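Peer 1: With chain Z held as given, fit chains H and X onto it using these hints.
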Amino acid sequence: MQIKDYVLRRMMVLPILIIGTSLIVFTLTRVGGSPVGIYLSHEMTPEEVAEIEQRYGLDQPLPVQYLTWAGGMLTGDWGWSGVAAAPVRQVFPDKLGATMELAVAAGIVAVALGIGLGTYGGARRDRLPDHLTRVFSISGAAMPIFWFGILLLIVFWVGLGWAPIGRSDADIFQSIAHPTGLYAIDAIIAVSWTAFVDAIWHLLLPAIALGFGTAAIITRMMRSSLVESMSEEYVDAARAKGLPEKLVLRRHARRNALIPTVTVIGLSFGFLLQGTVVVEIIFRWPGLGRWMADAVLRGDQATIMAYVMFTSVLFLLVNLAVDVMYAYLDRRVVLGT
Amino acid sequence: MAVGTAPRTPAAPLAGALGTRLRRFTEIAREVLRNPTTLIGAALIVGMIGMAIFAPLLIEPNTPNPYQMPRDWGALNEPPGTPGHFLGTTQQGGDVLYGVIWGARTSLRLSIIVVSITVVIGLIVGSLAGFLGGKIDELLMRLVDVFLSIPELIFALAIAAVLGPSFGNIILALAAVFWVKYARIIRGQVIHIKQNEYVDAARVIGDSDLRIYMKDVLPNSITPVVVQATLDMGNVVLIGATLSFIGLAEAGLAEWGVLVSQGQAGISAGRWWASTFPGLMVFLWALAFNLVGDGLRDILDPRTESKR
Amino acid sequence: MSSHKTVTAKRLWAIFLAMTMIVAACTGTTTDSTEGDTPTTAGDGDGATTTAGEPSDTTAPSTGGVTNPDTFVHAADDEPTSLDPAQVEAGEGGETVILQVYDRLVEFSPDGPDLVPGIAAEVPSVENGGISEDGTVYTFTIREGVVDHEDNPVDATDVKYSWDRVLTMDLPESNVGLLADTVASTEAPDATTFVVTLNQPNAAFLNSVVTQSVASIMSEEFVEFNGGYEAGTPNEYIATNPVGTGPYVFDTWNRGENMLFTVNENYWGTPANLDLRIEIVPDPDVRVLGVRAGDFDTIETDPSFVGDVEGAEGVTVFQGEFLLEPIHIGFNLNYPVDELPAEDTIPADFFYDPMIRQAFNHAFDYEAFIQGALGGFGAPTPFYLPQGVLGYSEDLPVYTQDLAMAEQLFRDAGVWDEGFSVSVIAEGGNLFEIAALVLKDSLEGLNPNFTVNVLALAEAQFDEAHASDPIPYAMWVKNADPFADPHAFQSEYMDPEGNWGQVHGMANGYQDPETISSMIDEASVITDPAEREAIYHELSAMFYDDPMWIIAGNEVAVMAYRDWVQGFVMNPLWPRPSLKFALFDKG
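Protein chains in written order, with our numbering: chain Z, 15 to 351; chain H, 151 to 458; chain X, 5 to 591.
Here chain Z stands alone, though its shape is the one from the complex (with noise of 0.2 angstroms):
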């Protein structure tokens, strides 16, 4: 009951959230002037450039335009990416594919080196193990992603020659039908052991690039929740009943201990999310972050607007979904205060 009051609360707030988002979005994307100049070709006389304006609504008075974008974004006319030469909805579903593919994996990688680096290091404490995953915790944090993965290209790309760039060899990628959007999984659909192969071996060098980062966030977090529930009364109890150290560790104080790690793994999807545009950049991965970047690089504005809000909202309903989760799986935090 109180559960259900929190997360009331918590919904009702959320399109306020929304609509201040669009304001600033659309605020910001009018501050640097007309977004017509992407649809322009660079020999065009003022008249034509009216012309232009005109075709895209951008003669219109300003809160008219926004409304009109508003309107647009909830009703699925996102505007037209310059960038893409298409509508932006229309380009959309299969860039977000390949985005939250890369994601998942980087999720993946982030998940299992954090918890298990973490379980390791803290078990361990101040001993060498701990130290190195210490160390490894704080490097993460630090490390410049765009550099990291091109170190990555340089060493297993150029170097060794053994990873492939881009997200498919593009033969292969045709070869199977897309139902969901996710190559890997369409792989499996699609019973392709080539498939499947070709996915997972141009998925790996990106999602290691991408869930560095996050996996040192979560080893840390994971480490130090370690520690503090090894020193729990319960545990202390349980080491009295003569319980040995691994199932201690395995059975109460590492379970508790994910508790606060579940949550800093649902908070770091927003630094997943922002770490997409920097490595799809370097790896020729064809996502939203990529598209991002080029829209930026070339000023088109249409598919700004639409990627900060598509990911701001999602960002939001992660959040909101990451602390409910957190409040029914810690009843304390609701029905303690």
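Calculated directly from the structure, the hints in this document are not laboratory data.
A portion of the hints provided could be inaccurate.
[Said to hold, decoys possible] Distance windows between CB atoms, simulated: (1) X/Pro340 <-> Z/Asp73: 17 to 25 angstroms; (2) X/Val529 <-> Z/Leu37: 55 to 63 angstroms; (3) Z/Leu174 <-> H/Gly318: 37 to 45 angstroms; (4) Z/Ile214 <-> X/Ala195: 52 to 60 angstroms.
Since this is a predicted model, take the numbers as computed values, not measurements.
C-beta: ideal position from N, C-alpha, C; glycine also.
Peer 2: Here is chains H and X on its own, set in the frame of chain Z:
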């Protein structure tokens, strides 16, 4: 009668407070030096800030603008070890060593400007919200929430994109994103302290809100702000370099992210140096401030303190 | 203990799933809806989906060491913006696709400027009766039995329909002016005859109008089925789904990644040998490694990285003619001084003084740009007669760097001691930005009181500034549009009454603008080439003394390709990258 007491009270306790603060500071410094990782971080910071400050002595500044790369159009893509170009050159004939050294100065400039601006904005917004409360608090905090609802790199990217590629615009974009945390920290502190008894006591004595603010709120907010600012000295450079890597700095700037981006174009032909060295600098810079910031948090955070 | 909820690893994955499901919900539904909205074309039904679910046997890695033996792979440097002949901009990536997918009435042969028949069964001439004696009426005999990629027949009425469509839509970004300025009327009296009446005789009609992308042919059925056409409104479907009669059938466009084409087996001419894939690869390093590794057969090549592919095993670098698109830096003599960037200190009449413009020209480090940035694949160019254009001669005066002379001129102009600050705009991340940086280094190296701010703008911002009149910047860098005829260069870039002459206010600077204008006009109507050349030479010498541009250099066309490409041929008269992939084979 309240007027009479006012000038008398501050002198003595203030001197005392100063003394405690000084003592506390030396204590902290000693703690910092005791922890090996924090010590490494501090040493790195000293080294890199030294490099930034003494850049003109380390390598001859480019004229007229030393923040621009010197370009030798007759020596493009030279490998490290080339005479005169110890770390090699970029595809524009820029000396990588120059970029590494002056990039430290660019980064120092960037981080100090952004962190000062954001601390001040955060201080103002946070204090206003915390002190005035009510509708204004509600409004300001909703604004903070809205700013927090866009992931920071993406927000900064969008702002810098709209303003156009230049170093000044990167500063603006980062400032617009980074103030939010300070506003939250300070508002929290203000509310926390407002509820404390000694503030009530001060009120009873007849201190004005402003005096309470100067005497109690501000000094008590310093700790978390210092920790956050230390971390941000690193993060600002990290995100700033990411923006310029994407292509939002001005052309030819001696900045690490710009160099990594230029170097990226040559890696397939085996030219690894132009991106490797400047990228390493970004990493070390962020690492150093993270190490020290972390160390400071451990020392200053009363929660961890009590657990020791 | 029981109220103390514990989390298992499974729960953790559940959170991840929850996140992905939010997304999957979006992806899933949107894919469905777009598919539903997308108009399917008239003869379609079996094309796009047949590949799905087939065993992936296309992976056979090599046949005799050739990668992708059945598909030709070209790496282009950017994404097209429109594939509709009525909308495509000249020189833009979409022209590459239009050249392969659509046909025109006549085409340039692979060997040079000669014309060969396209949809027209023969090239009209006065001799074969295709061109009227007075040169105003062109009659094309249309090939019989031509069908487009959806089996719609294409005859003379479709040719007329295609041209009418372009003229009616009249989109500002397109090259429709080529047709609109020359054609008075068109007729299709029967299925095999197409008659064009011109406004006035025009010897260049076939070469400079009929062969261009804007004059491509499509079937009426295809257009009408997909929304027809309307004045001033682009057709979104046709802009992204070209259906022509050419040797390649457009299949898929994975934005940001690649475009796929299959062989048109029903092509009226010689069908292509291989399927085609155009990879969209903006990063030069990926293109370089791709061609070195054999993943790409041809790559869009920039002179600046020829050194990275030259000598690589299995790669040949083709070096062609000059590109006819010199990279130039414009002097604006007409900027609104209040709207200049805040750093600029120059007065409104700064560039009125020819000495200052000469000094800039003498200061520029041509060697750095041509030998450094262009890797030696370029040459200095006289005003305004690029190599390969009638009138070009090595004897014409070109600027070389002469710092002593530059200093003297700046001193004489009275700006040496006080110095100045000027901003120059360029599109970021390419040769234009580099030319701007060379200008900066040249001037700032000459005198520390000179400041040149290089503003590397996003393409959209540059295009907007470049298209405004007056331009709110004092200097900008870009390349010239390619023309085949010297008059086009003169009137576009030098004539005070011409396009740039007016925007830049050249009349403010020229000693005698009327004479220049009348000489340019005079040269355009002279039929004797030698006489014409003489006037252009005289003009070029005048422009040298009164320069309106800094011409940084004219690039040489270069193309890196795999040795296994058979029948490699490049014709600069075809739109960029000047390749017809249907002519190639691998082995």
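Peer 1: Now look at each hint and say whether the structure bears it out.
Peer 2: Evaluation of the provided hints:
1. Range check, X/Pro340 to Z/Asp73: about 22 angstroms between beta-carbon atoms, so the 17 to 25 angstroms window is met.
2. X/Val529 and Z/Leu37 have their C-beta atoms about 60 angstroms apart, which keeps the hinted 55 to 63 angstroms range intact.
3. Between Z/Leu174 and H/Gly318, the C-beta spacing of about 42 angstroms keeps the proposed range 37 to 45 angstroms intact.
4. Checking the proposed 52 to 60 angstroms range against Z/Ile214 and X/Ala195 shows it holds: the Cβ atoms sit about 56 angstroms from each other.
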